[in-house]
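Q: Sequence order for the protein chains is E and V.
Per our numbering, the first sequence starts with residue 1, numbered consecutively.
Per our numbering, the second sequence starts with residue 1, numbered consecutively.
Where hints are given, some of them may not hold.
If you anchor each label on the Cβ, the simulated ranges turn out as follows [stated by the list, open to error]:
(1) E:Ala10 with V:Glu64: 34 to 42 Å
(2) E:Thr114 with V:Lys69: 38 to 46 Å
(3) E:Glu57 with V:Ser72: 20 to 28 Å
(4) E:Ser30 with V:Gln58: 24 to 32 Å
(5) E:Leu82 with V:His82: 34 to 42 Å
(6) E:Lys70 with V:Ser30: 28 to 36 Å
(7) V:Glu20 with E:Gly54: 29 to 37 Å
(8) V:Gln2 with E:Gly42: 15 to 23 Å
(9) V:Trp83 with E:Ser30: 37 to 45 Å
(10) E:Gly42 with V:Arg22: 17 to 25 Å
(11) E:Glu57 with V:Thr12: 36 to 44 Å
(12) E:Pro109 with V:Gln58: 20 to 28 Å
(13) E:Thr52 with V:Pro112: 43 to 51 Å
Derived DSSO-like pairs: lysine-lysine, alpha-carbon spacing no greater than 27 Å straight-line [claimed, not checked]:
(14) E:Lys70 with E:Lys28
(15) E:Lys70 with E:Lys26
(16) V:Lys69 with V:Lys49
(17) E:Lys70 with E:Lys80
(18) V:Lys49 with E:Lys26
(19) V:Lys49 with E:Lys28
Read the hints as simulated data drawn from the structure, not as lab findings.
For glycine and all other residues, C-beta sits at the position ideal for the given N, C-alpha and C.
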Amino acid sequence: AQTIHQWPVAEIKAVGSPLSLGCTIKGKSSPNLYWYWQATGGTLQQLFYSITVGQVESVVQLNLSASRPKDDQFILSTEKLLLSHSGFYLCAWRQYRDWGIYAEQFFGPGTRLTVL
Amino acid sequence: TQTVSQSDAHVTVFEGDSVELRCNYSYGGSIYLSWYIQHHGHGLQFLLKYYSGNPVVQGVNGFEAEFSKSDSSFHLRKASVHWSDSAVYFCAVSGYAQGLTFGLGTRVSVFP
Chain E
1 AQTIHQWPVA
11 EIKAVGSPLS
21 LGCTIKGKSS
31 PNLYWYWQAT
41 GGTLQQLFYS
51 ITVGQVESVV
61 QLNLSASRPK
71 DDQFILSTEK
81 LLLSHSGFYL
91 CAWRQYRDWG
101 IYAEQFFGPG
111 TRLTVL
Chain V
1 TQTVSQSDAH
11 VTVFEGDSVE
21 LRCNYSYGGS
31 IYLSWYIQHH
41 GHGLQFLLKY
51 YSGNPVVQGV
61 NGFEAEFSKS
71 DSSFHLRKAS
81 VHWSDSAVYF
91 CAVSGYAQGL
101 TFGLGTRVSV
111 FP
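Next up, chain V with everything else stripped away, as it sits in the complex (with noise of 0.2 Å):
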C-alpha cells in the first residue's frame, strides 16, 4: 500500500517570497515520486520527479524538489513566486506501470 501525506492544506505568502510544500510517503517498493500543479478547473501539470540519481530535482518554472529516503519525504520548494503561482499543488508517488497515488494537495494563495 502506498501513502502520500501533505501536511498542509493552505498555504499563503507574498509574491517575491519562497515558499515549501511538504510532501512525505510510504511505500513498499522502487519508489518514484513526482509533483503537478492545478489551475482552478484545469487538468494537472507535470512539476518535477525523482527516481533515482541526485536526491534534488530541477523543474519547471524555478520549481525544485529533494527526496530523502531516511525522512521518507520529498518537499517542493520555489525560492521566489510569482502571482501566476497560486495554484493547488499534488504530490504523486507510484510504482510501476500502475497509476499515480495523490496526496489530498495544497492550495497556494499568492498576494502581491
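In isolation and in its complexed conformation, chain E is listed as follows (with noise of 0.2 Å):
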C-alpha cells in the first residue's frame, strides 16, 4: 500500500526565519508529485508539481521554492518567511499514466505553518 508522510506536523516560525517542508511517498515509483498551499479556511493553491527527479515546475509565485531530491521526496523551502506564508501545505502524489488517462491525486495530511 502506498503512504504519503509529511514532515513536519506544524510549525511555528517568526517572520524572516527560513523553512524547509518535507513530503515522502512510500510504495509507488515515479509518481508525479505536488505542493498546495490552503488560507485558513479558503480553498487550495497549487504552488509546485514534478514529473520526474531534479525537475520541479513553478505554478505560482510565492516567494517559496521546491525540490525533488529523489524519486520519493519532494522538498518546500524559502530562504525567508513573510506573514502570508502561514496556512496548510498539503502534498500530493499521482501515479503517472499513459496520455489521455487520468489517475486521481491523493493528499498527505498536511504542515500548518503559522509565521508570527
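Could you use the hints to bring the two separately framed chains together as a complex?
A: Right, here's the structure in full:
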C-alpha cells in the first residue's frame, strides 16, 4: 500500500526565518508530485509540481521554492518567511499514466505553518 | 485558463436528508473532474472522478456525481447523509500532468 508522509506536522516560525517542509511517498515509483497551499478557511492553490527527479515546475510565485532530490521525496523551502506564508501545506501524488488516461491525486496529512 | 465555481459556501442538512453540491467549471481541453472531502484540520480525501464514459460516476460512502457537458457542471449528490459527512467539499478540474484547480469549497453541516 502507498503511504504519504509530511513533516513536520506543524511549525511556528518567525518572519524572516528559513523554512523547509518535506514530503515522502512510499510504495510507488516515479509518481507525479505536487505542493498545494491552503489559507485558513480557504481553497487550495497549487504551488509546484514535479514529474521526475530533479525537475520541478512552478505554478505560482509566492517566494517559495521546491526541489525533488529523490524519486520519493519532495521538499518545499524558503530562505525568508513572510506573514502571508501562514497556512496549511499539502503534498499530493499521482501515478503516471499514459497520455489521455487520468489518475486521481492522493493527499498527505498536511503541515500547518504559523508565521509570527 | 481553468476555473471552478461552487455556488454554495455553506449547506445545512439533517441526518437522513439528501444533499446536492453544485460545481460548474470552465476548461478548454480534455476535462478531468473530481471531488474531494476535507474534514476539519485534515488533508483531502478523494471521493470520485470523471474523465470519460458514463456521465454518472459512483464514489465512496454513497456519493455520486453527474457530469454535464452542456451545462459545464459536475454536481455531487448523496441520497442520505450521515453526521460524519459534515466537512468541506471541494470540486476540482485538471489537465493532464498538471495539478488540480479547486473551487472555493462548500461546507456541509449535518444536524441530527
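Q: Now, for every hint given, state plainly whether the structure supports it.
A: Comparing the hints with the structure gives:
A hinted range of 34 to 42 Å holds for the C-beta pair Ala10 (chain E) and Glu64 (chain V), which are about 35 Å apart. One distance hint, 38 to 46 Å for the beta-carbon pair Thr114 (chain E) and Lys69 (chain V), holds here, with the actual separation near 43 Å. Taken as a hint, the range 20 to 28 Å holds for the pair Glu57 (chain E) and Ser72 (chain V), whose Cβ atoms sit roughly 27 Å apart. Between Ser30 (chain E) and Gln58 (chain V) the beta carbons are some 29 Å apart, a value that agrees with the proposed interval 24 to 32 Å.
For the pair Leu82 (chain E) and His82 (chain V), the beta carbons lie near 41 Å from each other, so the given range of 34 to 42 Å is met. Checking the proposed 28 to 36 Å range against Lys70 (chain E) and Ser30 (chain V) shows it holds: the Cβ atoms sit about 31 Å from each other. Remark: the range hint 29 to 37 Å for Glu20 (chain V) to Gly54 (chain E) is contradicted by a beta-carbon distance near 45 Å. Roughly 18 Å separates the CB atoms of Gln2 (chain V) and Gly42 (chain E), a value that falls within the hinted 15 to 23 Å.
In this structure, Trp83 (chain V) and Ser30 (chain E) meet the distance hint of 37 to 45 Å, their C-beta atoms being roughly 40 Å apart. With their beta carbons about 19 Å apart, Gly42 (chain E) and Arg22 (chain V) fall inside the hinted range of 17 to 25 Å. For the hinted restraint 36 to 44 Å between Glu57 (chain E) and Thr12 (chain V), the CB-CB distance of approximately 40 Å keeps it satisfied. A hinted range of 20 to 28 Å holds for the C-beta pair Pro109 (chain E) and Gln58 (chain V), which are about 26 Å apart.
Between Thr52 (chain E) and Pro112 (chain V) the beta carbons are some 49 Å apart, a value that agrees with the proposed interval 43 to 51 Å. With a C-alpha separation of about 13 Å, the suggested pair Lys70 (chain E) and Lys28 (chain E) falls inside the 27 Å cut-off, and the hint holds. A hinted pair counts as satisfied when its Cα atoms are at most 27 Å apart, and Lys70 (chain E) with Lys26 (chain E) qualifies at roughly 12 Å. A distance of roughly 15 Å separates the Cα atoms of Lys69 (chain V) and Lys49 (chain V); the hinted pair therefore holds under the 27 Å criterion.
Taken as a hint, the Lys70 (chain E) and Lys80 (chain E) pair is honoured in the structure, with Cα atoms around 24 Å apart against an allowance of 27 Å. Restraint check for Lys49 (chain V) and Lys26 (chain E): the C-alpha separation of about 23 Å stays at or below 27 Å, so the hint holds. Between Lys49 (chain V) and Lys28 (chain E) the CA atoms are separated by roughly 21 Å; this keeps the pair inside 27 Å, and the hint holds.
Of the numbered hints given earlier, the model fails hint 7 alone.
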